[in-house]
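So the sequences go chain by chain: R and S.
Read in our numbering, the first sequence has 292 at position 292, and its numbers run on one by one without any break.
Read in our numbering, the second sequence has 591 at position 248, and its numbers run on one by one without any break.
Possibly wrong hints are sitting among the right ones.
Unchecked claim - Now the stretches of chain R that chain S is said to cover, found in silico as 3 or more residues with beta-carbon under 8 Å:
id	segment
1	74–88
2	96–106
3	115–123
For the record, the hints were derived by calculation from the structure and aren't laboratory data.
Where a beta carbon is used, it is the ideal one built from N, C-alpha and C, also for glycine.
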Amino acid sequence: MADERLLEVRGLKVQFATEDGVVHAVDGVDFALDRGKVLGIVGESGSGKSVTAMTILGLTRDVNTRFEGEVIYKDRNLLDLPENEMQQYRGAEIGMIFQDPMTSLNPVYRVGDQIVEAIQAHEPVDKRKARRRAVELLRQVGIPNPESRVDDYPHQFSGGMRQRAMIAMALSCNPDVLIADEPTTALDVTIQAQIIELIDQLKDDFNSAVILITHDLGVVAEIADDLLVMYAGRVVEHGGKRPLFYDPQHPYTWGLLGSIPRLDRPRSERLHTIEGSPPSLIRLPQGCKFRPRCPHAFEKCLEEPPLENRVETPGHLDRCWLTVEAKRAVRDETIEGGEPAAA
Amino acid sequence: MEKAWHGLVGDSNPDNKLLSYTTQQDVVQQIKQGIPATFSLTIGASVIWLFFGILVGVIAAVTAGRLSDRAITILALVGISMPVFWLGIVTRYFLAEKNTWFPDGEYVGLTANPVQWAYHLILPWTVLAVLYIGFYGRVLRNNILDTINEDFVRTARAKGLSRREVLTKHVLRNSLIPVVTLFGLDFAGVLGGGAILTEKVFDLHGVGWYAADALDKFDLPPIMGVTLYGAGFIVLLSVLVDLFYAYLDPRIRPT
Ligand SMILES: Nc1ncnc2c1ncn2[C@@H]1O[C@H](COP(=O)(O)OP(=O)(O)OP(=O)(O)O)[C@@H](O)[C@H]1O
Ligand SMILES: [Mg+2]
Numbered sequence: 001m002a003d004e005r006l007l008e009v010r011g012l013k014v015q016f017a018t019e020d021g022v023v024h025a026v027d028g029v030d031f032a033l034d035r036g037k038v039l040g041i042v043g044e045s046g047s048g049k050s051v052t053a054m055t056i057l058g059l060t061r062d063v064n065t066r067f068e069g070e071v072i073y074k075d076r077n078l079l080d081l082p083e084n085e086m087q088q089y090r091g092a093e094i095g096m097i098f099q100d101p102m103t104s105l106n107p108v109y110r111v112g113d114q115i116v117e118a119i120q121a122h123e124p125v126d127k128r129k130a131r132r133r134a135v136e137l138l139r140q141v142g143i144p145n146p147e148s149r150v151d152d153y154p155h156q157f158s159g160g161m162r163q164r165a166m167i168a169m170a171l172s173c174n175p176d177v178l179i180a181d182e183p184t185t186a187l188d189v190t191i192q193a194q195i196i197e198l199i200d201q202l203k204d205d206f207n208s209a210v211i212l213i214t215h216d217l218g219v220v221a222e223i224a225d226d227l228l229v230m231y232a233g234r235v236v237e238h239g240g241k242r243p244l245f246y247d248p249q250h251p252y253t254w255g256l257l258g259s260i261p262r263l264d265r266p267r268s269e270r271l272h273t274i275e276g277s278p279p280s281l282i283r284l285p286q287g288c289k290f291r292p293r294c295p296h297a298f299e300k301c302l303e304e305p306p307l308e309n310r311v312e313t314p315g316h317l318d319r320c321w322l323t324v325e326a327k328r329a330v331r332d333e334t335i336e337g338g339e340p341a342a343a
Numbered sequence: 344m345e346k347a348w349h350g351l352v353g354d355s356n357p358d359n360k361l362l363s364y365t366t367q368q369d370v371v372q373q374i375k376q377g378i379p380a381t382f383s384l385t386i387g388a389s390v391i392w393l394f395f396g397i398l399v400g401v402i403a404a405v406t407a408g409r410l411s412d413r414a415i416t417i418l419a420l421v422g423i424s425m426p427v428f429w430l431g432i433v434t435r436y437f438l439a440e441k442n443t444w445f446p447d448g449e450y451v452g453l454t455a456n457p458v459q460w461a462y463h464l465i466l467p468w469t470v471l472a473v474l475y476i477g478f479y480g481r482v483l484r485n486n487i488l489d490t491i492n493e494d495f496v497r498t499a500r501a502k503g504l505s506r507r508e509v510l511t512k513h514v515l516r517n518s519l520i521p522v523v524t525l526f527g528l529d530f531a532g533v534l535g536g537g538a539i540l541t542e543k544v545f546d547l548h549g550v551g552w553y554a555a556d557a558l559d560k561f562d563l564p565p566i567m568g569v570t571l572y573g574a575g576f577i578v579l580l581s582v583l584v585d586l587f588y589a590y591l592d593p594r595i596r597p598t
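Just chain R, with the same shape it has in the complex:
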C-alpha cells in the first residue's frame, strides 16, 4: 500500500512581536507525516516544539503573530484558512493533547460532558448518543468502570486517568492526525510507559498518524518511525529513528543522546549534559545556532549550514558543516559509553 500523505509542513516560520523584540520561535521547519506513522519531535525547552504543534492547529493565531511557509493537510494550506473553517479541522481532523493533564481539563465540568462537547462540536448527534460514545471511548483508553466514571469531575481522576481522558477526548471525532505535546512529562515513570503504549495502540485502532513531542529521546525511542530534532526554532536533524539513533549527525543530537540514562553504564558516571543554554530567540547567533555551545565548532560555522542529506542513508538530513568522517570520529566521546545509545 502506498503511503498516504496526511500532513506536510514546509518552511514554517512563526514570529511573535513582543515588547522586547521579535521572537523567532519557529524558524524553518519542514516535515511530512504519512498515515500510520509516528513522528517524534525532540528538543530542549524553548526550541519551538509546542509553537510548531499549536501552529498546525491554528492555535497561535494572534495579531502579534506572523507566519511564513505552509501547513498542508490533505491538499489544503491550513495557514490560509479563515478562523471559522480552521475550527472544523480542530478536533475533527487533527486532535491534540497537552502536557499537563491536571490543568488541561475544565475543573467545573464532568469529564464525560467535556468529551460530549467535543463530539457535538463536529457531529450532529444527540446528547444520549454522544454520551454512549464517551463511555466507549473511556473504555478504549483504559478507564475502569467507564459507565460511572464518565460522570466524575476531573479532580476525581488521577493524573494518568486525566491524560487518558484527554486522549479519549482528542480521539472522539476520529481525527487522522493526533498531536501529543509532551503527554507524559507531568506523569510518573510507570504511567508514562502506559500512556505511550496506549497512544501507539490507538494510532493503529483509529488508523491515524501521530506527532509525539517530547524533550526525552527515551520516550520516542519505542514508538517513533521518524525523528525531528529541533534547536532554537529550526530542525537540526531529521531522519528515520534507526539511522538517527545509530548514526546521529548533529552535535546537538549527540548531546541529547548522551543525556539518556542508561543501565549499561556504571551508576557513578554522571549523565552527560549539554553545556550552556539555548540562545535568545530575539537575537540569534550568527551562522549555526548551536555554534556557541558546540565543542566542535570551527570557522565555517559562522555561516549557517543548510539542512541536507550528507550521509549514505537517504532522507537522513542534518545541519552541520563537519564532514561525515569527522563526525563519526568525534561523536562517540560526546555521547559517552562507546557505542551509540540506542534503546
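The hints should help you fit chain S with the ligands onto chain R, whose structure is shown.
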C-alpha cells in the same frame, strides 16, 4: 440580651420592645416599614449593576489593550471614585429639579402603582449601580484575562469550539465564580440598610434612611436595630454564597 434590652428600654416598656428614644416608636416596626423601599432599591440596582458590570467586564476583556478597553477602564475608575452623595445630588438636581424628567425623590409602593414605583426608582437605582458597575467590570475583566490563559481554555479551542463557545462556556463560567462572592456580600450590605447615602439623597424612606435619621438625632436603639438587621443579612447571604459556590465549583463540594 434580655437584660440589655431592659436596661435600654426601661420600665415604660412592659412588652420588652426596642423603642426609639426620640419618637418612642417600636424600632422593629419602623425597620419593617422601611423594608419595601430598601428591597426595591437593592434588587433593582443589583440587577442593573450585575448586568452592566458583567457586560462591561466582558467587553473590556475581549478588547483588552484596545481603545474600548482603555475607555472602559477610565470610566470604571471615574464611577468608582465618584461619591454617591455627590452623584446623587447632581443627578437629582439636573434631572429631577432643574428639568423635571424624573420624579424628585420619594418612594411609591410597588403594589400601589408599579409604573410610578419604577419611575421613582430609576435615578436611585442608576446612581447606586454606577459605583458597583465600575468595580465589578474591573474585577471580571481581570478574572477573564487570567482564565483565558488557562490550559483548559486551550483544550477547548483545540476541540474545535467557536470563540464564542469558548468564551461563554469555559472562560466566563470560571471567571464568574469569584464575582459571586463579591455580589453576595455587596447585595447583603445594601439590603441590610447599607445604602444610607442613596436613600438619604433620594428621600427613600428605607432602612438606610431610618438609620441615617437616627444617627442625626443620636438615637441609639434604631441604630442598634438596623445594625442587627444588617448583620443578619450578611450572615444569610454568606451562607447562600457558600452554597452557590459549591454548585459552581465541584471541587469544593463535600463528597
Ligand atoms: N505567544 C508568544 N509570545 C511570545 N513568545 C512566545 C509565545 N509563545 C511561545 N513563545 C516563545 O517561543 C519559544 C518556543 O516555545 P515553545 O513553547 O514552542 O517551546 P517548547 O519547545 O515547546 O519547549 P518546552 O519543552 O518547554 O515545552 C519560547 O522561547 C517561548 O518563550
Ligand atoms: Mg512545549
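Now the hints, each set against the structure:
Judged by the Cβ-Cβ criterion of 8 Å, the segment 74–88 of chain R is covered by chain S as claimed, because 4 of its residues qualify and three suffice. Taking a C-beta to C-beta cut-off of 8 Å, the segment 96–106 of chain R contributes 7 residues in contact with chain S, enough for the three needed, and the coverage statement holds. Given as covered by chain S, the segment 115–123 of chain R passes the check, having 4 residues with a CB less than 8 Å from a CB of that chain where 3 are the minimum.
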